[in-house]
Amino acid sequence: MAASTYAAHAAEFRRRATWLTAVDRVFHGVTLAAAIIVLMLLAGVIVALFDGALPALRQFGVGFIVNEVWNPVTEQFGALAPIYGTLITSLIAMLIAVPVSLGIAIFLTEFCPIRLRRPIGIAIELLAGIPSIIYGIWGLFALAPFLQKNVQPPIIDALEGVPVLENLFAGPPYGIGVLTAGLILSIMILPFIAAVTRDVFEAVPAVLKEAAYGIGCTTWEVIRNVVIPYTRIGIFGGVMLGLGRALGETMAVTFVIGNAHRITASLFAPGTTISAAIANEFTEAVGDLYTSSLIALGLILFVITFLVLAAARLMLARMGSRPRA
Amino acid sequence: MKRLYLRRRLINRAITVASIGAAGFGILFLLLVLWKLVAEGLGGLDLDLLTKMTPPPGSDGGLLNPILGSAVITALATLVGAPLGLLAGIYMAEYGRYARITVVVRFINDVLLSAPSIVIGLFVYEIMVVPMGHFSAWAGVAALAIIVIPVVLRTTEDMLSLVPGGLREAAAALGAPRWIIIGKVAIRAALSGLVTGVLLAVARISGETAPLLFTALNNQFWSTDLNAPIASLPVTIFQFAMSPYEEWQRLAWSGALLITLAVLCLNAFARLLAARQRSK
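Protein sequences appear in the order of chains A and E.
Oh and the first sequence: position 204 is 204 in our numbering, straight run, nothing missing.
Oh and the second sequence: position 163 is 163 in our numbering, straight run, nothing missing.
Read the hints as simulated data drawn from the structure, not as lab findings.
No more than 27 Å apart at the CA atoms, straight line, and that leaves these computed lysine-lysine pairs for DSSO-like:
#	chain 1	residue 1	chain 2	residue 2
1	A	Lys209	E	Lys2
2	A	Lys149	E	Lys36
3	E	Lys52	E	Lys36
Note that the structure is a prediction, hence the values are computed from the model and not measured.
Please construct the entire structure, taking both the sequences and the accompanying hints into account.
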């Protein structure tokens, strides 16, 4: 009697144990599959874009990248103007946003009264989350008219006759254009770079800074000789992350770039970027070659940003930092 | 000697001023954006906005169909993307914490986290819109779901990693299999953190415009057909702001204010939850 109860119990136990481990195996498999899907997404994006870009790449070859002509009527497509626009707007954005956001990060970690640090820090992080279309609409209705009326005419007048600068800031003042797009981009990535670099600055061990203060360094000397050398790679990673953002940004730029497929010396002239060209033209593109050329632009953008972002992540990882944006 | 001190102090002073100036400059511009947004958008923030359809050019109306369209695709995208992100995050923090694939997925995911969203739109166009032959709300859902995944995955992995190993070991010592340890101990301990990730993802996609431009497209009319193009708030704002009609531009501002408020609230709430999770 007792023996058979024992046997029954043992059988029941074995049954449950098998069931439990079976569920475990299934759950393990399901979660692993989800992780693999993430990898396949990346591969899928590259394959799909490449597939879509193939007709254009076959038709134009390497010339696609170095040709400036973009003419839907004659079906001549070259990516040089949007590539140039993407690079130049991002360059303008970085020139402004990097020093300012480093200033903000230094202010927040060194000069700001402790009580204000958290509120200002949180405000900056929240601003980094505002959708880019908001910056775009602001650029279109507030910044562009302001520049057109109050900033561009005096600059154009003042620089008339000055070599190089004269061409760089040549009129007429449209308000919209390459420079405006760069400015909007800089405002957009500003809170982003500031938040990342502040985190990196905060990772500097307090003892290092205290030791430097202890031998009589001023705040600036501590920043220059302790904080910046210690965080150099992290700062660079944060800046690259911002650059990745700027390169791929669509909505903040599309509103104010003017969508003109040409390369002009003047920063006041309308231009286009890869993402703006896709956003503006994709749904209106007639003909397979037109669509394919736009997808090829997307592929180029994806490759560029992937390289920049990957480099940024690797550098930040060396600092032990993993920004969550 | 004295001159050296003076120089060092002057440099320090100059840098202090420069950095405060930079902070002021940056914050000033960000405030300018917010101020203009409130000034232009607040006037249109009334009941009509929430109860009327988008008008034809030149007449009054509201944003009812884009608001509902946005709600539908955002909700569906979260329903599709969040479970995938959660499962993958669970794998990386639990089963595969020391697996080689975890390192790779983590890196790729971090890159996807800030990949240009317009490229995601192109991808979905290629794999869904082209085979189906038309734009559809489902394509928009897919595009946004792809953006949800990395955000949720990242937060899930982070939050599960914060759960002390001792809790898991205690459950394991009682003979619990891994899935029970994960489901009844780790997830429960990290629950508000996991919710944070989902909230952050919703905040992220509710303002996304670029991936919807050629997936969900837009719709001037009321539509609940997920196989047809559907209106969404960001795309409508884009279209209305770029138009020459004043009524449309006003609606665009009100819509922009609406999105910003929603995103700020979601982000603030998510931060609150995350802070509570970390202090546990």
